[in-house]
Amino acid sequence: MLVGKSSRFIVTVSILFSLVALLEGYAQTPPQISAQVAAQMIMRPQPAVDSSQLEAVSAKVEFDPPTVSLGQKSFYRVTINATENSIHWPNEICLPPELLPGLTARGQLTQPDGVPFHPLTEFIYSVTPTAAGRHTVSNYLVSVGGSSVEIPSADLEVVAATTNLPSPRILALELSATNVFLGQPFRVQVLLPAGAGNQIEALRDIQLSGGGLMIDKTALSQSIDVANINGQLKQSFICELKVTPIAMGPQEFFAQGFTAGREFSGPITMHGQLTIPGGPAKYVLLVSEPVKINVRPLPIDSEPPGFTGTMGTFFSDPPQLSTNRLHLGEPIHLKIMFHGKGDLTRFVAPAPPRSHDWQIIADYPPNTGFTLIPQTDETQSTPAIPFSGFDPIAGKYYDLSIPPLPVTVIGEGLPTELPTFDDDGKSTVPVKLSNLAPLPGKTATSLKPLQLQGWFVCLQLVPIIGFIALWRWDNRRRFLEAHPEIVRRRQALRALRRERLKLQKALDAGDADAFVRHAADALCIAVAPHYPANPQALVCADVLAQLDGKEQNGHHGETVRKIFAAADTRFGISMQTQPDLPALQADVETLLRMLEEKL
Amino acid sequence: MSHLRITITLFVLLVATGITHAAANNVSFEQGMGFDHARRLPEAVAAFKKSALAQPAAGTLVNLGIAEWQCGHAGEAILAWEQARWIDPFDSRAKSNLKFARAAAKVDEPQLKWFEVASLWLPPDAWVWLAGTSLCLTVGALTLPRFFRWRKTGWQQALAAVGLGIFLTSMTTNIGVVSRTTLGFVLKRNAPLLLTPTHTGEMISTLNAGESARWLRTRGDYNLIRTANGAGWIARDEFGLVNK
Chain A
0 MLVGKSSRFI VTVSILFSLV ALLEGYAQTP PQISAQVAAQ MIMRPQPAVD SSQLEAVSAK
60 VEFDPPTVSL GQKSFYRVTI NATENSIHWP NEICLPPELL PGLTARGQLT QPDGVPFHPL
120 TEFIYSVTPT AAGRHTVSNY LVSVGGSSVE IPSADLEVVA ATTNLPSPRI LALELSATNV
180 FLGQPFRVQV LLPAGAGNQI EALRDIQLSG GGLMIDKTAL SQSIDVANIN GQLKQSFICE
240 LKVTPIAMGP QEFFAQGFTA GREFSGPITM HGQLTIPGGP AKYVLLVSEP VKINVRPLPI
300 DSEPPGFTGT MGTFFSDPPQ LSTNRLHLGE PIHLKIMFHG KGDLTRFVAP APPRSHDWQI
360 IADYPPNTGF TLIPQTDETQ STPAIPFSGF DPIAGKYYDL SIPPLPVTVI GEGLPTELPT
420 FDDDGKSTVP VKLSNLAPLP GKTATSLKPL QLQGWFVCLQ LVPIIGFIAL WRWDNRRRFL
480 EAHPEIVRRR QALRALRRER LKLQKALDAG DADAFVRHAA DALCIAVAPH YPANPQALVC
540 ADVLAQLDGK EQNGHHGETV RKIFAAADTR FGISMQTQPD LPALQADVET LLRMLEEKL
Chain B
0 MSHLRITITL FVLLVATGIT HAAANNVSFE QGMGFDHARR LPEAVAAFKK SALAQPAAGT
60 LVNLGIAEWQ CGHAGEAILA WEQARWIDPF DSRAKSNLKF ARAAAKVDEP QLKWFEVASL
120 WLPPDAWVWL AGTSLCLTVG ALTLPRFFRW RKTGWQQALA AVGLGIFLTS MTTNIGVVSR
180 TTLGFVLKRN APLLLTPTHT GEMISTLNAG ESARWLRTRG DYNLIRTANG AGWIARDEFG
240 LVNK
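Read top to bottom, the protein sequences are chains A and B. Residue numbering for the first sequence follows numbering that gives the first Met the number 0, beginning at 0 and increasing consecutively. Residue numbering for the second sequence follows numbering that gives the first Met the number 0, beginning at 0 and increasing consecutively.
Computed footprint of chain A on chain B, listed as stretches where at least three residues anywhere in the stretch have a Cβ under 8 angstroms from a Cβ of chain A:
#, region
1, 25–36
2, 52–60
3, 102–109
4, 235–242
Just so you know, these hints were derived from the structure itself, not from any lab. Being a predicted model, the structure only gives us computed values, none of them experimental. For glycine and all other residues, C-beta sits at the position ideal for the given N, C-alpha and C.
Could you build all of it, start to finish, from the sequences and the hints given here?
Structural data, given as structure tokens:
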């Protein structure tokens with residue numbers, strides 16, 4: 000047992016290797032392990048696998064503390080010497096109704112026991128009694144590695160009087176912030192107050208429950224110092240973690256860890272008077288009371304370009320170029336130094352932007368510069384590199400963009416002459432560029448070929464339509480040649496239409512001779528296709544022959560005879576009397592309509 | 000009478016517009032020549048570009064390529080000479096300069112298929128007119144004697160056979176012309192070929208200025224192209240097609 004002599008000065012003790020001091024600076028540097036030490040750790044022989052423990056699995060059960068007053072919390076604790084994965088632990092255990100269940104936790108560690116390591120798994124249930132008396136959790140079976148293991152019964156004595164009974168050991172949690180932004184890291188201190196006799200124990204396998212948190216174990220630091228726990232100053236083992244929320248909304252979590260006696264792992268800083276227990280460690284799983292934090296989302300609307308997730312207060316020095324006059328393709332370095340206040344672990348370097356004129360290569364972290372290679376001699380400045388950060392205290396984004404810097408890029412030009420490689424000076428490749436063309440030369444309306452132009456495709460329809468028209472015309476012609484009666488009828492109809500017009504003119508002029516002549520012609524035309532014959536070769540009898548028997552001797556027949564008789568008088572010596580034109584016109588019209596219908 | 004007047008007026012206006020347009024092009028061309036002789040190369044490039052945009056011409060594009068080359072823009076120069084050859088495949092200056100540029104810039108000639116090579120024997124528009132004319136000739140030689148009841152003769156049959164042969168040949172070269180419209184050239188030096196058509200796309204490789212590639216499709220500001228080393232996306236302003 001080691002006892003500190005003074006509380007006035009700081010004693011820094013390294014339990015395993017050496018005394019290590021905390022580094023000072025803007026940022027907390029995580030404990031570094033040298034390559035030599037790391038190699039020694041890797042090369043350390045690993046413990047042998049102890050298979051005998053699988054055959055001797057046993058469980059130990061207790062209430063911690065076994066006696067509590069009414070309303071005082073106690074822990075139902077089950078310890079099994081097996082790995083957590085091999086235990087098929089029931090989702091719920093049967094507790095007496097007088098015991099109100101609280102939070103539950105489980106943990107596993109490997110405890111050194113000589114050369115082989117033994118696994119140890121603990122399940123704890125927080126219970127609060129609601130009635131005085133002896134409450135028993137009966138025994139039950141649990142499957143461990145395929146075999147059943149009996150969990151013995153356990154009793155909790157609850158006294159009604161508010162006597163000064165010992166409280167169960169629990170961990171304490173202290174948070175640096177409870178209202179944080181998503182991705183904003185904050186510190187969590189897990190404290191184990193000194194036990195009886197001011198004995199300080201180490202904590203192992205510390206975990207935080209809750210899925211919305213990410214723990215940075217590289218930034219873990221341990222110390223022993225006086226801490227204020229529930230209003231009392233107590234010497235405590237303090238383990239500080241850096242936690243980053245990765246889920247939004249209210250988050251509740253608690254801490255858990257195994258007490259480990261004097262098995263301090265890694266460097267530790269001790270302050271004040273303390274007692275460290277000797278002998279083998281007693282591994283007990285402890286938990287803290289749950290705490291709540293509120294995780295707010297980052298404002299999306301106002302997110303500036305170049306935000307990489309940098310969180311904190313940072314500022315940059317003016318960027319420096321290695322040179323501002325360079326040749327095409329020559330790399331230059333853009334040096335940018337960032338400084339910050341407080342936590343630097345949430346600094347994410349700006350991403351190299353894509354530029355047509357520059358090839359941009361970011362330096363290997365943690366450096367934050369860029370190597371720039373100009374791709375064209377037309378550029379006159381380096382590319383602007385957008386970058387921004389988020390200040391969680393102010394709740395605002397701020398700009399850290401790297402402005403463009405003026406440069407002069409010298410183009411290397413292209414050769415206008417090539418050397419000849421063969422001895423006789425003959426080469427398949429021209430040795431120099433041609434002269435300028437003195438005239439524009441052959442022109443084109445467009446570089447787009449006619450094959451892809453819509454109007455030209457439409458133009459191809461013209462000959463197609465022409466050929467189709469010719470084909471249709473030829474077909475029609477052949478058809479009419481095979482059916483000449485159609486042609487004759489059509490010709491007769493056209494001629495009849497013309498004669499009707501002449502009839503109308505003669506009627507309007509009161510020319511009776513012309514009227515009867517055209518009427519006779521019209522009648523001949525109307526009947527000519529029926530023979531077929533030339534209309535001029537037909538006479539009155541031919542017209543009458545195309546009328547029905549009744550009509551030949553009836554009024555229509557009489558009209559035909561009258562017309563032909565009147566028409567024939569022109570061949571006579573003496574003139575006949577003029578016929579009654581209006582009466583005759585109506586008869587002729589009726590007759591022609593009738594004959595036309597027969598066509 | 001009035002219709003005739005309107006037609007004549009429109010014809011005169013059309014001819015006048017064409018003459019004015021040609022005159023403006025000639026002015027830009029002459030300006031480009033002047034700038035080039037005075038070694039004012041960026042101005043020469045701008046003048047030749049203006050002239051080529053108004054009226055693409057083989058000589059203008061040859062001169063544009065020479066000015067671009069002298070400015071150090073190998074990709075733009077090779078594209079301009081390829082465009083000159085597109086208009087006039089017999090232009091010796093464009094052909095010679097392309098050989099020279101590819102040797103100097105160390106880029107390969109585009110790999111053309113046999114029907115694309117055949118399509119280089121004549122200007123692209125000539126092939127399509129040849130195909131249309133030969134088809135009409137063939138169909139006409141076969142059908143017109145029947146329609147007009149001419150006596151069938153041997154020369155008509157021979158004409159139809161020759162026309163059909165020309166048509167089939169020119170169809171393959173027309174396919175070659177259309178296929179060549181997907182040919183393009185990288186304009187910028189070390190142009191990145193990206194895996195995705197995005198600003199932050201992963202880079203597959205970098206391409207030399209003047210390197211040839213086949214255009215596959217366009218999405219946003221990027222073209223999907225196939226190079227000799229695989230397919231990928233390239234920014235639109237870093238890749239130029241021959242026929243655009």
